[in-house]
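**Student:** Make a model of the complete structure from these sequences and hints.
The listed protein sequences derive, respectively, from chains A and B. Counting in our numbering, the first sequence runs from 1 upward without gaps. Counting in our numbering, the second sequence runs from 1 upward without gaps.
Any given hint could be a false lead.
The list treats identical chains as one, so a pair stands whether inside a single copy or across any two.
[What the hints assert, rightly or not] In silico DSS-like cross-links for lysine-lysine, where the CA-CA straight-line distance does not exceed 27 Å:
no. : residue 1 : residue 2
1   : K185      : K211
2   : K247      : K195
3   : K185      : K240
4   : K247      : K211
5   : K185      : K148
6   : K173      : K77
7   : K211      : K240
8   : K288      : K324
Read the hints as simulated data drawn from the structure, not as lab findings. Treat the numbers as computed from the prediction; the structure is a model and nothing was measured.
Number of protein chains: 2
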Amino acid sequence: MIRVAVDAMGGDFAPQEQVLGAMEAVKKCDDIEIILFGRPEEINKYLKPHDRIKIVETRDVIPMGEHDPVRAIRTMKDSSMVKAMTAVAQGEADAFCSSGPTQALVVGAHLIVRRMDGFKRPALAPFIPSFNGGNTIILDSGANLEVKPEQLLQQAYFAHVYAKEVMGIKEPKIGLLNIGTEEGKGRVFENECYKLLSESDLNFVGNVEPKEILNPPCNILISDGFTMNICVKTLEGTAKTMGAMLKRSLMSSFFSKIGALFAKKSLDKFKKDMNPDDASAAMVFGTKYPCVKAHGSSNRIGFSYGILLAASVAREGVIEKVSKALKDSMPQGETNE
Amino acid sequence: MIRVAVDAMGGDFAPQEQVLGAMEAVKKCDDIEIILFGRPEEINKYLKPHDRIKIVETRDVIPMGEHDPVRAIRTMKDSSMVKAMTAVAQGEADAFCSSGPTQALVVGAHLIVRRMDGFKRPALAPFIPSFNGGNTIILDSGANLEVKPEQLLQQAYFAHVYAKEVMGIKEPKIGLLNIGTEEGKGRVFENECYKLLSESDLNFVGNVEPKEILNPPCNILISDGFTMNICVKTLEGTAKTMGAMLKRSLMSSFFSKIGALFAKKSLDKFKKDMNPDDASAAMVFGTKYPCVKAHGSSNRIGFSYGILLAASVAREGVIEKVSKALKDSMPQGETNE
Numbered sequence: 001m002i003r004v005a006v007d008a009m010g011g012d013f014a015p016q017e018q019v020l021g022a023m024e025a026v027k028k029c030d031d032i033e034i035i036l037f038g039r040p041e042e043i044n045k046y047l048k049p050h051d052r053i054k055i056v057e058t059r060d061v062i063p064m065g066e067h068d069p070v071r072a073i074r075t076m077k078d079s080s081m082v083k084a085m086t087a088v089a090q091g092e093a094d095a096f097c098s099s100g101p102t103q104a105l106v107v108g109a110h111l112i113v114r115r116m117d118g119f120k121r122p123a124l125a126p127f128i129p130s131f132n133g134g135n136t137i138i139l140d141s142g143a144n145l146e147v148k149p150e151q152l153l154q155q156a157y158f159a160h161v162y163a164k165e166v167m168g169i170k171e172p173k174i175g176l177l178n179i180g181t182e183e184g185k186g187r188v189f190e191n192e193c194y195k196l197l198s199e200s201d202l203n204f205v206g207n208v209e210p211k212e213i214l215n216p217p218c219n220i221l222i223s224d225g226f227t228m229n230i231c232v233k234t235l236e237g238t239a240k241t242m243g244a245m246l247k248r249s250l251m252s253s254f255f256s257k258i259g260a261l262f263a264k265k266s267l268d269k270f271k272k273d274m275n276p277d278d279a280s281a282a283m284v285f286g287t288k289y290p291c292v293k294a295h296g297s298s299n300r301i302g303f304s305y306g307i308l309l310a311a312s313v314a315r316e317g318v319i320e321k322v323s324k325a326l327k328d329s330m331p332q333g334e335t336n337e
Numbered sequence: 001m002i003r004v005a006v007d008a009m010g011g012d013f014a015p016q017e018q019v020l021g022a023m024e025a026v027k028k029c030d031d032i033e034i035i036l037f038g039r040p041e042e043i044n045k046y047l048k049p050h051d052r053i054k055i056v057e058t059r060d061v062i063p064m065g066e067h068d069p070v071r072a073i074r075t076m077k078d079s080s081m082v083k084a085m086t087a088v089a090q091g092e093a094d095a096f097c098s099s100g101p102t103q104a105l106v107v108g109a110h111l112i113v114r115r116m117d118g119f120k121r122p123a124l125a126p127f128i129p130s131f132n133g134g135n136t137i138i139l140d141s142g143a144n145l146e147v148k149p150e151q152l153l154q155q156a157y158f159a160h161v162y163a164k165e166v167m168g169i170k171e172p173k174i175g176l177l178n179i180g181t182e183e184g185k186g187r188v189f190e191n192e193c194y195k196l197l198s199e200s201d202l203n204f205v206g207n208v209e210p211k212e213i214l215n216p217p218c219n220i221l222i223s224d225g226f227t228m229n230i231c232v233k234t235l236e237g238t239a240k241t242m243g244a245m246l247k248r249s250l251m252s253s254f255f256s257k258i259g260a261l262f263a264k265k266s267l268d269k270f271k272k273d274m275n276p277d278d279a280s281a282a283m284v285f286g287t288k289y290p291c292v293k294a295h296g297s298s299n300r301i302g303f304s305y306g307i308l309l310a311a312s313v314a315r316e317g318v319i320e321k322v323s324k325a326l327k328d329s330m331p332q333g334e335t336n337e
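**Tutor:** Structure follows, in structure tokens:
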């Protein structure tokens, strides 16, 4: 059995969607057990008793808009997030999942779950949907605004193993986010990363321009946290504004309203393609045990994917395999501090 | 009369669209004269003789995919771009416009047209269309991948005067592109820029997230060239891919095809809103004389706007006004090198 510690109180629609998501997850998957951390009286409003779901009582909740995540993690010892992470760190569970505030989760992953040996800068790696189906892993999505090229190389190794073992991609392709495709483009940082990635035994496909973000020639797209955050937030904003523009155009005349009615099913599918539930979970790369961040506004389906993702990473032994790959592939000086 | 030196040979559809664009521009505006630089035998295929358009013969063309822009500008002395810029630098014309390769244009602006006094890092500033009409000036769009906060402040002053004098905005609002809206977000660079902008007499509205790129709470959005390039290219790619997804969705069933037919006019308008011709010209901020970069794939209408923009900047005396504003507003040590 794989035991997943779930923060039932974190998220815009917690605990309802988190509890319903947990029930969805045990239904989908037979080899997982879930421990819900939170206020029992609130959890029990939604929970149907299940022999593979149990509750551990915690009273505090780290709020979604928490401005001082370090302080929150250090002082809110009885919060659902801290208690669930502590359970993982102490071996009472195998993996962690939460929809709670991202920065607190990343800080908690560092301070409570802790980094795996030799991994310098854990990264946050969500998926984004691709035009031709499938998902692209993108990192670092905000955990470290600025990183060193060697740290980015470690993250690339983690992504490689993760794509292979969890996503089942045989030869994961890795691309570097950059303002042009030719070698030599970008800042000093991109040029150093390019060199390290080219010299590694990873399947590096070169620079990838952000205009290919929804249809990249790779499975894994990497950059520093600041740049990737700019890219992802531009993508989100453009998609949202374009949706609004489309709606405004379609509602502007009688004929186009009729047209929109005829096309409704396709337009709804289009909207769904842009917002897939299973794309909303991000994983922290580089911790000792699997930590998954589900989207803050996850519904039950989205959250159940987060739980299943955390369980998969534990089941496939991703972290042990990354550890081995780093030892085998990187000069010793680079893996140690 | 305002004399605009036009590179007739630069651009994906040159010289045809450049020549037709020049004819369009003299039709739209009575106080401009155009000098077309290029191969007369090719220009004359499209040009109807006009008393305010003349040709200066040049034989070379800097190719669109030029990989070594510095070398090209230095050695291709008889190219249409170099000759047109030289005419401006020598006072034979008042402004310059080209659809030629961006990096060569930026290098030429530095080396031939030269920087205005005290301006350290010229920037490239295009417009992007906003959801609620109007355009946003964005900079730096790739001229300088990395800049110092004081250089960014100078660019902000230029943008302020430009928005006021050329775009007619009374109190232009300036926003800093960042990964969050609160003060303190971002890298050290963003924090230093935030401080300088707050202390200036510019109308600084604070950090702006890239998810607001199509609907920002400001008229001018600034960042370093690398970050802005990532943002703009993500925007372009997302818009393009979403358009393709929408088309695929609409063509997927009989009913939605009928719907699309009914809604065609609105969908076409939507497409046009995303690709306005007049948004495709970028200005170089910080040169001694106005230099405008029209989009490489400009059609005649888009290119005519580029010419008219260059003429407006000269007509309104933007560069003199920026020069005065910098002297008045910034500590002397910051404007000189």
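**Student:** Run every hint past the structure and note whether it holds.
**Tutor:** Structure-based check of each hint:
1. K185 <-> K211: both (15 Å within a copy, 25 Å between copies)
2. K247 <-> K195: neither (45 Å within a copy, 39 Å between copies)
3. K185 <-> K240: Cα proximity of K185 and K240: across copies only (23 Å, versus 30 Å in one copy).
4. K247 <-> K211: Both: 24 Å inside a chain and 18 Å across chains, each within 27 Å.
5. K185 <-> K148: Classified as both; 18 Å inside a copy, 20 Å across copies.
6. K173 <-> K77: Intra 41 Å, inter 44 Å, cutoff 27 Å: neither.
7. K211 <-> K240: Classified as both; 17 Å inside a copy, 8 Å across copies.
8. K288 <-> K324: Answer is within; shortest intra-copy Cα gap is 13 Å, inter-copy 59 Å.
The structure is inconsistent with the numbered hints 2 and 6, although it conforms to all the rest.
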